[in-house]
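Novice: Given next are the chains, with one letter for each unit.
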Amino acid sequence: MDVFIAILGPYLLAAPVVAALGHRLPRTAVAVATLPHVLALAVLAANAPTVLDGGRVTAAIAWAPSLDLTVHLQLDGLGLLMAGLVAGAGMLVVLYGAGYTGRSGTMGPLLGGLVAFAGAMQVIVLADDLLTLFVGWELTSVASYGLIAQTHHKRAARDAARQALVVTGAGGLALLAGLVLIGQATGVWTLSGLAQADVAGGGVVEWGVALVAIAAATKSAQVPFATWLPGAMAAPTPVSAYLHSATMVKAGVFLLLRMSPALSDTATWTAWVVSFGCVTLLTAGWRALRADDAKQLLAWSTVSQLGLLVTAIGVGGEEVMLGVLALLVAHAVAKAGLFMAVGAVDVATGTRDLREIGGVWRRHPALGFAVLACGASLAGIPPLAGFVAKEAVLEGLLDEGTLGMWMAVAVAVGSALTVAYTTRLLLAGLGPVHSGTSRPPGRPDRPAVDVVRWRLLTWPATLLGAISLLLGWFSGLQDGVVGAALARVGEVTETPHLYLWHGLTPALGLSALVITGGAALILVLGRRHAAPLWPTPPEGTFLAGMDGLTTLARRLSAVTQSGSLPVYLATVLAVLVVVPGIPLIAATVAEGSVVGAGIEPGDTLLVLAIAAAAIVTERTDHRFAAVLAQGAVGFGVAVVFVRWGAPDLALTQLIVETLGLMLFVLALRDLPRRFGPQPASLSTAVRWIIATGVGALMTTFALVSYGARTASPPAEELVALAEPQGGGTNVVNVILTDIRAMDTLGEITVLLVAAIGVALLVTAGRSTEPSLPDIATPQAQLGAGPDGSPDPATVETAP
Amino acid sequence: MSRHPAGPAPPTGGDARRVGTSPSPLLRDGDRILVPLLLLFALYLLLAGHNRPGGGFVAGLTVASAVVLRAQGRSVVEALRLLPVVPVRMLAFGLLLAALTAVAPLLFGLGVLDQPFVEVELPVFATVKLTSALVFDIGVAVVVVGVVGAILDAFGDEEATGAVAARAVGEVGEAGPGQVVEGSPFTDPSTRAAAGRDEIPTEEEGPR
Chain A
1 MDVFIAILGP YLLAAPVVAA LGHRLPRTAV AVATLPHVLA LAVLAANAPT
51 VLDGGRVTAA IAWAPSLDLT VHLQLDGLGL LMAGLVAGAG MLVVLYGAGY
101 TGRSGTMGPL LGGLVAFAGA MQVIVLADDL LTLFVGWELT SVASYGLIAQ
151 THHKRAARDA ARQALVVTGA GGLALLAGLV LIGQATGVWT LSGLAQADVA
201 GGGVVEWGVA LVAIAAATKS AQVPFATWLP GAMAAPTPVS AYLHSATMVK
251 AGVFLLLRMS PALSDTATWT AWVVSFGCVT LLTAGWRALR ADDAKQLLAW
301 STVSQLGLLV TAIGVGGEEV MLGVLALLVA HAVAKAGLFM AVGAVDVATG
351 TRDLREIGGV WRRHPALGFA VLACGASLAG IPPLAGFVAK EAVLEGLLDE
401 GTLGMWMAVA VAVGSALTVA YTTRLLLAGL GPVHSGTSRP PGRPDRPAVD
451 VVRWRLLTWP ATLLGAISLL LGWFSGLQDG VVGAALARVG EVTETPHLYL
501 WHGLTPALGL SALVITGGAA LILVLGRRHA APLWPTPPEG TFLAGMDGLT
551 TLARRLSAVT QSGSLPVYLA TVLAVLVVVP GIPLIAATVA EGSVVGAGIE
601 PGDTLLVLAI AAAAIVTERT DHRFAAVLAQ GAVGFGVAVV FVRWGAPDLA
651 LTQLIVETLG LMLFVLALRD LPRRFGPQPA SLSTAVRWII ATGVGALMTT
701 FALVSYGART ASPPAEELVA LAEPQGGGTN VVNVILTDIR AMDTLGEITV
751 LLVAAIGVAL LVTAGRSTEP SLPDIATPQA QLGAGPDGSP DPATVETAP
Chain B
1 MSRHPAGPAP PTGGDARRVG TSPSPLLRDG DRILVPLLLL FALYLLLAGH
51 NRPGGGFVAG LTVASAVVLR AQGRSVVEAL RLLPVVPVRM LAFGLLLAAL
101 TAVAPLLFGL GVLDQPFVEV ELPVFATVKL TSALVFDIGV AVVVVGVVGA
151 ILDAFGDEEA TGAVAARAVG EVGEAGPGQV VEGSPFTDPS TRAAAGRDEI
201 PTEEEGPR
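Going down the list, the protein sequences come from chains A and B. The opening residue of the first sequence carries number 1 in the numbering used here; numbering runs sequentially from there. The opening residue of the second sequence carries number 1 in the numbering used here; numbering runs sequentially from there.
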């Protein structure tokens, strides 16, 4: 338990501190922000011996024992790998982020958000039970939303954040549904339990698998859910380097890895997972060639590499999984390094457009090395880590039968594309700017960023490049951790070993073909602008789909949301009368059982008074009088409460009625004194019919329900419980704050949301833009428009 | 104190078409007596709620009615100065408090939302029961105050409220489908004016 508190606690505590301190004490803020990562790494290192030996550290918190709800946490091989990745990358990103934001006020929220996100990510990787995994999953979606919308005064950022939240949130829903289905079908609610259980396919489980696959696809930006990731490039580069290359998007892959021991035997698994992965791998790789904005290129590259990972997981197999795990690490390292380098280039030259960054690697050799090493690792060129991993994947795939062979071909094609666009990135920074564009040659560097900031911007990237080289050359270093992770993902029959030179194998031949193919591709297409200009099919259909959906939504809204309040009310009330009302009234009339309550003469007077006030409300044409009369009805009801012995209710009713009256008066300030002619949307006859129906329904319902009780009232038991267990004699209050406190918590959440809704609805009346909120046109997020010109929303978008 | 800038007092008397508040001396000066009384009463309701009629909801409503009373007599801006922070922050704080009360028992090995209570012997006042449900109730009260405060804040703009109300009763014309909102009461008052613009200039945001 202490292990998990030591890892997770600091993240929770540090995030608000960092966010608050960022502006006033930047250096302290940076130190505090790195602290959780350092602590996590220390704890992981301390527990590494246990885990590497095949052991697990576990903890369980029974937080609602009466409902059998327990939080299970585990630290096993896979968790060690991922947690180490999150913490290690996080540390570098914090330093990079400090350099990126400098002394501006944005450092606090950015670093705080990154720390909070990292905490949520650690919850995912350390979770053992399905619901904790889900909670972490959703928390990362929320944190990602907050981080993408860092520059929230720019429309592109807001739209991108919203799209990301919608897509990953929908995936989260699918995840919940899928996990619940699987849990219910198997009866096992822990990941470790699932890994050992024999999960029979068929029926409900297949649905669960499909849903889990969808969830993983949304999080890892697989086609057709891919476009949120390039859009998320509107976020500051540190965010892209951390979330959208190394950690959050790997959560989907991680989910598949966790689920694969249990679910990979089902038919749905292979079909769905491989399909998602394969299509993504190829289309995204092709799409990356078209990008002129370096961040867009890297975003599509990430999508494509994730597709590769997903494809390989779909095929499965021991050697393949070894390669997958190694590639997970290699890609995270390389991609993070590339993003950081691109961000540094952005700071130095003021642009990320590939056609304008000529000569950058010569001016900043450290960056050049970083991009060379990380890029080569990404492209799978020996002797870097990416090559080692891809080689293992290819070898494994070639051993997995027909499916494996075809997937190996797909991976090879995808890798060739990777070589092509990586080369393009590299070449873009060499040499002078291509004279084909009308821009001035060789943009001069901005005024120098101070040395400390520049170091913070470049050293992390260089370090990651060096790590890529190191892990490739001394590939055996990874064996321990990757091997321990492998043991958690499937059966291990031979000691896992990653090595650089496998001998003259078909896989090596394939790799050679890949490299030559990619180089040929880039030669053919030329350095300047890469690929033909037609949109790739999934993209086209996605755009068409979004447009169609928007049009349908607008038409539907025009019909159902006419804006006429009387019509809405009439619809609601009419349904109320017809659906439950008519059967109720008919049954009562038929049976003839109406029980009268103990009514006294004083009560009749009260009822008459309330009725009179109601009639006045309807009859008067003076607005203010109507409001007052309606208030009188409310006060009458309060008196009823007092009469029948409910002081809390009466108090609340009185005050609410008063408040309502006063707010009504505020709203009435600018309206004419008398009611005008009624709008023609509903005739008087219809109103009378509905009103009478509602009145009859309510009366019948009240009279019938009074005598309808068959079970004993719960009140006796609650009254008995109130004092000894709740410590109070006001039973109503004890119920609200103790016995049914969970309901109250839900209610005040609803109140909060309602208040925000009301405030937004009212202020919407002030808006100067009377237009429907647009779903951010996906075009704006795809980098180059159809005619090849750079879309200003992406090239000049906020870092 | 409250973040609201000092605003001009609303126009007095005047337009024969206007319904409702023109600040009468009774409201304007009477609220100086009534508001403290209401706040005191709210405190009583909050503390006594567990054993006598009262509770968090009613206490919050009472504070809210004090705020609305002041809004009637003076102006919305002055009324909201009664509250220590912006209504939205109160909403968040109240919910956070309630949620923390829900989760805190976990640290002591109890289940979620277990509300322990202790009896404390005070030398002069005799035994007093303290329960954690009181903290929960405080959270509820703060949320309720925040709700009414937020609604009041939104309604405070006469022009907008009148326009919205007029549209709703068909005086001006049917409302169109939902309107986009660029500014909101949750940002700084200065950015309210900038609502609708795509970018608001900031001092230094680092690399673009």
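Careful: at least some of the hints might be erroneous.
[Said to hold, decoys possible] Looking from chain B toward chain A, a few residues come up when the C-beta cut is under 10 Å (computed):
id, residue
1, VAL58
2, THR62
3, PRO84
4, VAL85
5, LEU91
6, VAL103
7, PHE108
8, PRO123
9, LYS129
10, ASP153
11, PHE155
In short, the hints are calculated from the structure, not lab data. Glycine residues also receive a C-beta, built at the ideal position from the N, C-alpha and C atoms.
Novice: A separate judgement is required for each hint: does it hold in the structure or not?
Specialist: Against the structure, the hints come out as follows:
1. VAL58: 5 Å, holds
2. THR62: 6 Å, holds
3. PRO84: For B/PRO84, the interface hint is violated, since the closest Cβ of chain A sits about 17 Å away, which is over 10 Å.
4. VAL85: 15 Å, violated
5. LEU91: 5 Å, holds
6. VAL103: 8 Å, holds
7. PHE108: This interface hint is violated because 12 Å lies over the 10 Å limit.
8. PRO123: B/PRO123 check fails; min Cβ-Cβ to chain A is 21 Å, beyond 10 Å.
9. LYS129: 5 Å, holds
10. ASP153: 7 Å, holds
11. PHE155: 5 Å, holds
Of the hints listed earlier, those the structure fails to meet are numbers 3, 4, 7 and 8, in rising order.
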